Amino acid sequence: MHLMTSNMECSAMMLPLGESAVLVEFGGGIHPDTHRKVKAFTEYLDRHSVPGMMEYVSAFSSVTVFYDSLMVKQLHQDHVELKEEPSYRIISVILQKIVTELRAGDGQKSRVVEIPVCYGGELGPDLAYVAEYNKLTIDEVIEIHSKGDYLVYMIGFAPGFPYLGGMSEKISTPRRQSPRMSISAGSVGIAGMQTGVYPIPTPGGWQLIGRTPLELFCPNENSPSLLQAGDRIRFYPISPQEYEEYKRERI
Amino acid sequence: MSIKVLQPGLLTSMQDLGRYGYQKHGVIVSGAMDTYSLRIANLLVGNQEGEGALEMALLGPSLQIEKDSLLAITGGNLSPTVNGKTVPMWRPVYIKKGSVLQFGACKSGCRSYLAIAGGYDILEVMGSKSTYLRAGIGGFQGRALQRGDVLEVKSPEGASLERVEYFKRKKSPESFVPASWYAGRKPIPQTLCLTTIRITRGLQFKYFTSESKSQLLNDSFQVATQSDRMGYRLSGVTLQLEEPLEMISEAVALGTIQVPPDGNPIILLADRQTVGGYPKIGQVALVDVPILAQVRPGAAIRFQEIELEEAERLYIARENYIQELETAIRLKFL
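Same order as they appear, the protein sequences are chains A and B. Take 1 as the starting number for the first sequence in my numbering and just add one per residue. Take 1 as the starting number for the second sequence in my numbering and just add one per residue.
Calculated directly from the structure, the hints in this document are not laboratory data. None of these values were measured; they are calculated from a predicted model. Virtual Cβ for every residue (Gly too), placed ideally from N, Cα, C. Treat the hints with care, as some may be off.
To be verified - Some chain B residues close to chain A (C-beta under 10 angstroms, calculated; not the full set): (1) 132; (2) 142; (3) 143; (4) 283.
Could you build all of it, start to finish, from the sequences and the hints given here?
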């Protein structure tokens, strides 16, 4: 782990996304260091309220803060020098201040979530293709996939869907020529250099190598997504029998 | 107290002002496409403006009203009738039990809203009554209405109860009693006329060719038939970048105009995904989203550029207008 002793030296650009959102861009592309800044910033937003802010969406190198301009103008009237300014400038000044005050050590803690996967068979119909494409045996693909240490960079595309980094190039496989009309929830797939898990049934072109019995999208829970940006993920293989047992126990 | 669905219509779903606070979990906002009309419908019957209401698209439903109820219909004109007689829109209407409220041909706009005094008895999921169609959650059983569904209605209280009593006192023999006034009616795009939509520049506007920038603001675009609650696909000239742009996924917003590699812009609407990776050429001004939501697939739009400050001024003016309207409606019942 990188230990930083000084200030995080965080800077970000404030870019208006219309009159109700500001995109806070940290720069640096898809990289664990960039992600740490994103996470430090969202941890702050989780702990403190920014008056007028409705919610945020974090991505690879940016966090977008959604706000109500009427509320921002009303709630920040004490900023005399900003009084006549449009709300995006008021909120940008506030967010910029938060960014510069982020400390080293923020955004470093992460949960580890273990995800059981039943690889191959009916639940992972493309596993053999992934092996063949990479000139590996099926067992080698399973081993490489389940030995990986994956970082959840962001959640999006579908509820609870993780954008993961950290998959080995050895099992990278292009998308299928013709996408499937529906992919079952829990399917674990590979698309190029990415691996991911489908939380809800979705059409898609990913190569499906297995399925998890875990529910990634839980609409009735306080936090409807099992995974959060910043989590670390490990996959571990289970047998079809264990898969069925998991499913039964949940009911 | 309930409403029975005799015919569901093309796409009739429960919506409110949207599900906020969960986008970071990948949960989309949903909500009414034309939030303005939904808010006015609720205010007319004395509900909180963000109460759940039915959104009916293009071909409306046929509903049996099983108890005397106070309703309001706003938005696009889907030719509403009660027992065959035309019902006026944008005002409270007291409808007697046993009546059939039927929507027919679409005369203007494409989405109509039906609010009921007291509100529909719908459980909130993640703080909202909106239907999240793709995930199958929220609203009425997570789906669009079907024939035979029965919608329960909560008992009116406070302002909505007073308004119900007001109409009851009229003791009219008719099957429905409309208020003599209307409020909040806004211009709804006629079926095939050209609608102007105001936009601000998108974050990647500058990366488009000067020809594309000028075409965006001078040409008209047709709303393609594949358009839906997720977004409006536009056809017309194709918009090109100066050179390919390396983009990684980031958040999008209501009204974001993104341009995929084929050059045909897409305007993201109520059921948009939370993130996207296409360049954003523009952003529809929030006040014009409800107008856009009434533009039918097949009709044409053109864009007019305004400054961000102007978009915000328009938004704040609109919010003030709705507040004044709420007061004005309240005074009608004193």
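Quick rundown of the hints versus the structure:
For residue 132 of chain B, the shortest C-beta to C-beta distance to chain A is roughly 8 angstroms, which falls under 10 angstroms, so the interface hint holds. Given the 10 angstroms rule on beta carbons, the hint for residue 142 of chain B holds: about 9 angstroms separates it from the nearest Cβ of chain A. With a least beta-carbon distance of about 14 angstroms to chain A, the hint placing residue 143 of chain B at the interface is violated under the 10 angstroms criterion. At a threshold of 10 angstroms, the smallest CB-CB gap from residue 283 of chain B to chain A is about 4 angstroms, leaving the interface hint in force.
Hint 3 from the earlier list is the only one contradicted by this structure; the remaining hints agree with it.
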